[in-house]
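Visitor: Protein chains in written order, with the working numbering: chain A, 143 to 363; chain W, 1019 to 1242.
Among the hints, a few may not be true.
In silico lysine to aspartate or glutamate, DMTMM-like type, Cα no more than 20 Å apart, as pairs [unchecked claim]:
id	chain 1	residue 1	chain 2	residue 2
1	W	K1163	W	E1125
2	W	K1178	A	E250
3	W	K1178	A	E300
Please keep in mind that the hints were generated in silico from the structure rather than gathered at the bench.
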Amino acid sequence: MTYRWDFTPLLDNWQALAMGAVGTLRLFAVCLVLGLGFGLVVALARRSRWRVARWVSIGFIEFFRNTPVLVQILWFYFALPMLVPVEITPFTAAILGISLNSAAYSAEIYRAGIQSIEPGQWEAARAIGMSGLQTLRRIVLPQALRRVLPALTNRGIEIFKMTTLASVVAYIELLHQGRLIASLNFNPLEVYSVIGALFFLFLYPLVRATYALERRLARSD
Amino acid sequence: MYRWDFAPIWANSDLLLAGLGNTLVLTAVALAGGLPVGLALALARLSGSRLLAAPAGLVIEVFRTTPPLVQLFWFYFGLPIILKVEMTPYLAAALTFTIQSGAFFAEIFRAGIVSVDKGQSEAARAIGMSKAQTMRRIILPQAVKRMFPAMMERSIELMKTTTLVATVSYADLLYQANELAQKTFRPLEVFTAAALLYFLIITLVSMLGARVERRMAQSGEMAR
C-alpha cells in the first residue's frame, strides 16, 4: 500500500502560503540590504588607521562567524529584552540575527576583494593627488566589488535560506505557514515537499546565474 | 540596570554540558556519514555515466539549495509517512545532516579531484593502473590535501547548523539552553553562556584546523 499524495489542502490554503511568501521576501530584502551594507562598513573599519576600530571590527567578525545564527536570533529575541527596555518583535530579532551574521561574513568577502587590488593602484591614485577616501571610492572599490560579486550573490542566497530560521521565533514566513497548514491538515509530507520545491525553484536559477557570472569574471580577468 | 546572575546557570551546568555532548555526537555522526556520502556523490557525478551523474547531481543541488530547516522538517515529519516507521529526533537529524553535508562535501571533493593535473591520471593509466587504482593511489591523496581548508570550513558550518535540531527537540546545547532559560527565568545569562560555549568550541576547532593546514603546507614543500 503506497501513500496517496493529496495536495488539495495546500491549494485550498494558498492565501496562507502567499502571506508566508510575502513575509519571507520582506525579511530577505531587509537582511540583504542591512547585512551586505553593514558588512562593507565593518570591512572598512577593519583596515582603519585607528586601532580601536580595527579591534572592534575583528571582534565583531570573529564572534558572529563563530556562533550559530540560530543562537544569535534566539539571543536577540529572549535575552536582549532583559537588557534594553524595548519590545523585540520576532521580525526585529530575525533582522538583527541574520543581518549581523551576514555582515560578519560579507565583511570578510569585501576585505578579500579590497586586498586583491594591487598596491600599485593605491600608489598611482595618491600620486595624481587623490585622497585615501577618493582612491577607495573611485579606484579600489569599483574593481573590488566586481571581483567579489559572485561571493556576494552566494551570501545573498544563504540569507534567503536563513530566513526560514525566523519561523523558530514565530515570525510569519513560508515555513511558519507551512507548519501551520501541516498541523491543521495532517499533511506534513506534502507541505514540506512543496515548501522545499518552492525554495529550490526560486533559488536554483540564482545559483546557476552565479556560476555563469563566476565563469565570465574569470575569463575577463 | 539589569543585575546579571550566573549562579542558576552554574548550578545547572551539567545540563548544558550534556547538551554540548549531544551537539558533538551529532556533528561527529554527520561528519562520519557525510564524508563517504560526499565522496560517492562526487565520483558518481564525475563518472561520465549519465545514469549515475544525473541523480547524484540532483541530490547535490537540491540539498545545497534548499534551507536546512525545511530539510530537517521533511525528514522528521514527512519521511515517516512514506516509510511507515517511527522517526526519532536523533535519526531525523543524523539523516538530514549526513546527506546535506554529503552534498556540500561532494562539491569540495569534485573541485579537489578536478584540480589534479590531467597528465597524472594519464600517466598512471599508461603504466597499467586501473581507473579505481589511479583514483585511490594518485588522485585522491593529492586532492585531499588541497581540499582540507574547505572541508574544515564546511565541518564548522555543519556544527553550527546542528543547532536547528533543537526545533525537533533533540537535546543539543541550544535545546538545553532554551529549557534552562524557561526553568530559571534567566534567558539573558543562559543564552549568553550558550553563545560563549559555541564560540569557544568553534574557535578552538578552527584554530586546530589552521594548525593542521600549516603543517600540511610545510610537509608538501618538503616533499617537493
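Visitor: A separate judgement is required for each hint: does it hold in the structure or not?
Guide: Outcome of the hint check:
1. K1163(W) / E1125(W): Cα-Cα ~15 Å, so holds.
2. K1178(W) / E250(A): holds (18 Å)
3. K1178(W) / E300(A): holds (14 Å)
When held up to the earlier numbered hints, the structure conflicts with none and fits them all.
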